[in-house]
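Taken in sequence, the protein lines are chains A and B.
Under the UniProt record's numbering, the residue at position 129 of the first sequence is numbered 129, and the numbers go up by one with no gaps.
Under the UniProt record's numbering, the residue at position 399 of the second sequence is numbered 399, and the numbers go up by one with no gaps.
Keep in mind that the hints are not guaranteed to be accurate.
Just so you know, same-sequence chains aren't split out, so a pair can sit in one copy or run between any two.
As the list claims (entries may be wrong) - Simulated crosslink set (SDA-like; lysine to any residue; CA at most 25 Å straight-line):
1. 84 x 108
2. 67 x 428
3. 168 x 24
4. 84 x 46
5. 216 x 33
6. 168 x 251
7. 67 x 227
8. 22 x 219
9. 84 x 110
10. 384 x 431
11. 25 x 364
12. 216 x 54
13. 22 x 221
14. 168 x 435
15. 84 x 105
16. 168 x 89
17. 384 x 252
18. 22 x 235
19. 216 x 432
20. 22 x 215
21. 25 x 215
22. 384 x 114
23. 84 x 94
24. 168 x 153
25. 168 x 223
26. 361 x 439
27. 84 x 227
28. 84 x 234
Since the hints were made in silico from the structure, they are not lab data.
Protein chains: 2
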Amino acid sequence: MRLGLTFILAAFSLNVQAETLKLDKDLAYHLVESLTVEIGPRLAGTEADLRSVVWAEQRLQQLGFDKVWREPFDMLYWERGAAKLTVAAPFNQSLVVTALGGSVGTPFDGISSQVVMFNTLEDLIQANKADVQDRIVFINHALERDIRGGFYGQVVGGRARGAVEAAKLGAKAIIIRSVGSSNNRFAHTGQMRYEDGVPRIPAAAISVPDAQQLSKMLVINPELTLSLQMNNNLPGTVTSHNVIAEITGSKRPDEIVLISAHLDSWDEGTGALDDGAGVGLVMATAALLKQEKPERTIRVVLFGNEEGGLIGARAYAARHHQQLANHVFASESDFGAGRIWRFDTGMGEQALTFARELQKKLAPLGIAMGPNTASGGPDVSILKAQGVPVASLMQDGTDYFDYHHTPNDTLDKIDPAALRQNLEAWLIMTREIANSQVNLRQ
Amino acid sequence: MRLGLTFILAAFSLNVQAETLKLDKDLAYHLVESLTVEIGPRLAGTEADLRSVVWAEQRLQQLGFDKVWREPFDMLYWERGAAKLTVAAPFNQSLVVTALGGSVGTPFDGISSQVVMFNTLEDLIQANKADVQDRIVFINHALERDIRGGFYGQVVGGRARGAVEAAKLGAKAIIIRSVGSSNNRFAHTGQMRYEDGVPRIPAAAISVPDAQQLSKMLVINPELTLSLQMNNNLPGTVTSHNVIAEITGSKRPDEIVLISAHLDSWDEGTGALDDGAGVGLVMATAALLKQEKPERTIRVVLFGNEEGGLIGARAYAARHHQQLANHVFASESDFGAGRIWRFDTGMGEQALTFARELQKKLAPLGIAMGPNTASGGPDVSILKAQGVPVASLMQDGTDYFDYHHTPNDTLDKIDPAALRQNLEAWLIMTREIANSQVNLRQ
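Just chain A, with the same shape it has in the complex (with noise of 0.2 Å):
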């Protein structure tokens, strides 16, 4: 179905005080302050959404690029609904619960059925088809923090497949143990996949605290009845934005350094961290190096829907298939907004040796040399998969995944003497790789 959701964009006034947006050093807290003040939550489809493309428009030409423009693509709209979680005699008690991005509503009167808990997705795959049929799959899964985050990548997969692992054995629905590090409150989204011939259940997850609560639970009464009520909607196709800007090369114009984030967020926060931050660097970083003349192109895209499964970053690279090769460099800044403590690049054997004169410009900021491995962020894997260069600037991620995808990623999350030490880095990458005649792929 396509919808008729058609957002007139005169009726997009932002309405905001003239402002001057400073080329200063703390450009880009000011432009993700303003993102998350004036826009705030922005899920990719939604009106929300739409604005925030104005939005990026408008400053972008305030803040002077050469060129500003949008690039159009269709995308599965989804839709939040009202989620309630219950638990039944002799507990009595609600749960905090949030729908899994994607996921399908339950019946008006909500699923109610008994429970079975795995530890890992991986117990739930091996588990017999007898315990979990006709029941509510419970995956609780611990994590523990570190400055990568890298937990995040072990136990992520119960929420993106744990419903069609779950459905394959007869479960009528999954809620999970929030993919985050916090004891707080919060319950935690993201996006969650179905698969063709596999039945299509309601997925959710609970906060961290109610995870806890509910295998205390569990514990003294294994027969216990949960009920499942969520009212998400899937109405169909729409379209999103890329939105796109140039600083013009002065000398090799047409070889392009891609510096990107993402512009869409989750509903519930306001999309500070992820990936406000990441808009606020990017911006700001090409707009004070026009001061500079930068020999070669700096263009900035700010990805729509990255969330939904990177699919502004897919469009782009079909759009611009034939352009890849002028694509001499390319990188995401999409982890928060911690300070960056590590250079890693995705380039060619060769181009290490100017990776590593780079990198000691990078040193008085504390950003030691990393790995050959980088992905360059999650929308420029896209790019880096058809052989662009890339390179990744690694942020502290010790509490991202405290705040990552909850209500509770908002501006006070920022820190902004460490946005501060970002926009540095930035800046300086940028440059030298705007300014060599470097090639990356060799």
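Assemble chain B onto chain A, guided by the hints.
Frame of chain A; chain B shown alone:
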């Protein structure tokens, strides 16, 4: 109106596994764990409140108390409904909001109006009617944390009295910045009051990040419109209970050493810090001392409906008015579960010699001597006002108001080691007073 809510007690088979409550140093923790997991939130007057009464009676009996009984009292029942607060165009965002306890709801369609912001209640009181009339008042008081939680008393007036002061100036509703010290995105509830002859306007709190967000929006657009919808109910009078239990004194059974906490909680967290920890502590203290055959009677009082305005405590004081002369001492634990750092007293000057000797026994736990100005705790302050000697084992409240009265007040916020230190201190204080002949009134 007297409500027809009659909960059939026989229906409350708590149906938990037969547990052995071990008489050990973790007994307080296991009790608060049991209360928060098996009962959870227990707003006064609700079905869960009554389940908690049954829970307390059963546990007190299991613990071997000599007498266990309940004392009913009447109370006004208030029921939270859904609350929604949105900022109109151009911002189009929802803010995290919760009703203050006792607040009326809004009309079904809500209240939409421009906003007038004040930094403090005092600023509101001094405002011109023309600036407030027909607007939504926003009190944006900031807090700072400290070990005594001292700021709470300074700003909580905005919560308790803000609606009256705003209504006197013709406001349509009031929202306040949460009376809490955390930047987690939880709104902080708590009791508010109306005054006869002043219109009853809806009152709500928004989280600290939302208050910051709103104040930034007001800088950009002072004319912005807020819409508040709340459907709370005030159905009328119901019965709640104080639960009381005694270890009969071996030598002076008529002399009552009263130790207490409150059994009710707000409805959004599980009431672990406020005041499940206190419930666990005083139940465990008396149960453990039973083995030592204390000379005076130790009476545990679990007050009902503290949160609604010390309603259970007032009922207790009224019912026992004639016997208060036999109450040789009273104290309450109701400030979370942080380590105890000071022993404050509220007793006769001569008794301070005894108190200083008692403090020497507490000193190895890191507990200093405090002033003779203790309230004894919120509920016990009612008894102090009628001449009962009191003391307060002062808990470290540095992070208490991070969690207090929010959905985030859950078991995981209690440090079992700190609770053990609390239990040791309560055992020492209660033992020394129960085994002495000192007259603390003198």
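Status of each hint after checking the structure:
For the homomeric pair residue 84 and residue 108, the shortest alpha-carbon distances inside one copy (12 Å) and between copies (22 Å) are both at most 25 Å. When the C-alpha separation of residue 67 and residue 428 is checked against a cutoff of 25 Å, the pair qualifies only within one copy, where the shortest distance is 23 Å, while the shortest distance between copies is 75 Å. Neither within a single protomer nor between protomers do residue 168 and residue 24 lie at most 25 Å apart by alpha-carbon distance, with minima of 55 Å and 47 Å respectively. For the identical chains of this complex, residue 84 and residue 46 are neighbours both inside a copy (23 Å) and across copies (19 Å), given an alpha-carbon limit of 25 Å.
In this assembly of identical chains, residue 216 and residue 33 lie within 25 Å of each other by CA distance solely across copies; the values are 9 Å between and 41 Å within a copy. With identical chains, the CA atoms of residue 168 and residue 251 are never at most 25 Å apart, being 58 Å at best within one copy and 69 Å at best between copies. Taking the closest pair of Cα atoms, residue 67 and residue 227 never come within 25 Å of each other, the shortest separation being 53 Å inside a single copy and 39 Å across copies. In the homo-oligomer, the alpha carbons of residue 22 and residue 219 lie at most 25 Å apart only across protomers (18 Å), although the nearest pairing inside one protomer, at 58 Å, exceeds that limit.
Taking the closest pair of Cα atoms, residue 84 and residue 110 come within 25 Å of each other both inside a single copy (9 Å) and across two copies (23 Å). Taking the closest pair of Cα atoms, residue 384 and residue 431 come within 25 Å of each other only inside a single copy of the chain (21 Å); across copies the shortest separation is 71 Å, beyond that limit. In this homomeric assembly, residue 25 and residue 364 come within 25 Å of each other (Cα to Cα) only inside a single copy, at 17 Å, whereas the closest approach across copies is 52 Å. Only between protomers do residue 216 and residue 54 lie at most 25 Å apart by alpha-carbon distance; the minimum there is 20 Å, versus 48 Å within a single protomer.
Taking identical chains as interchangeable, the C-alpha atoms of residue 22 and residue 221 lie at most 25 Å apart only when they sit on different chains, with a minimum of 20 Å there against 61 Å within one chain. With identical chains, the CA atoms of residue 168 and residue 435 are never at most 25 Å apart, being 54 Å at best within one copy and 66 Å at best between copies. Proximity of residue 84 to residue 105 under the C-alpha cut-off of 25 Å is found in both arrangements, the shortest distances being 11 Å within a copy and 22 Å between copies. Within a single copy, residue 168 and residue 89 get their C-alpha atoms no closer than 29 Å, and across copies no closer than 45 Å, so neither meets the 25 Å cut-off.
For a Cα distance limit of 25 Å, the shortest separation of residue 384 from residue 252 inside one copy, 22 Å, qualifies, whereas the shortest one across copies, 83 Å, does not. When the C-alpha separation of residue 22 and residue 235 is checked against a cutoff of 25 Å, the pair qualifies neither within a copy, at 42 Å, nor between copies, at 56 Å. Taking the closest pair of Cα atoms, residue 216 and residue 432 never come within 25 Å of each other, the shortest separation being 55 Å inside a single copy and 37 Å across copies. In this assembly of identical chains, the alpha carbons of residue 22 and residue 215 lie at most 25 Å apart only when taken from different copies (22 Å versus 52 Å within one copy).
Proximity of residue 25 to residue 215 under the C-alpha cut-off of 25 Å is restricted to the inter-copy arrangement: shortest distance 24 Å between copies versus 48 Å within a copy. Taking the shortest alpha-carbon separations for residue 384 and residue 114, neither the intra-copy value of 45 Å nor the inter-copy value of 50 Å comes in at or below 25 Å. Proximity of residue 84 to residue 94 under the C-alpha cut-off of 25 Å is found in both arrangements, the shortest distances being 7 Å within a copy and 19 Å between copies. Taking the shortest Cα distances, residue 168 and residue 153 sit within 25 Å of each other inside one copy (23 Å), while across copies they are farther apart (56 Å).
For the identical chains of this complex, residue 168 and residue 223 are intra-copy neighbours only, at 22 Å inside a copy versus 54 Å across copies, given an alpha-carbon limit of 25 Å. With identical chains, the CA atoms of residue 361 and residue 439 are at most 25 Å apart within one copy only, with a shortest distance of 19 Å there and 75 Å across copies. When the C-alpha separation of residue 84 and residue 227 is checked against a cutoff of 25 Å, the pair qualifies both within a copy, at 8 Å, and between copies, at 24 Å. Proximity of residue 84 to residue 234 under the C-alpha cut-off of 25 Å is found in both arrangements, the shortest distances being 19 Å within a copy and 24 Å between copies.
This entry does not satisfy hints 3, 6, 7, 14, 16, 18, 19, 22, going by the numbered hints stated previously.
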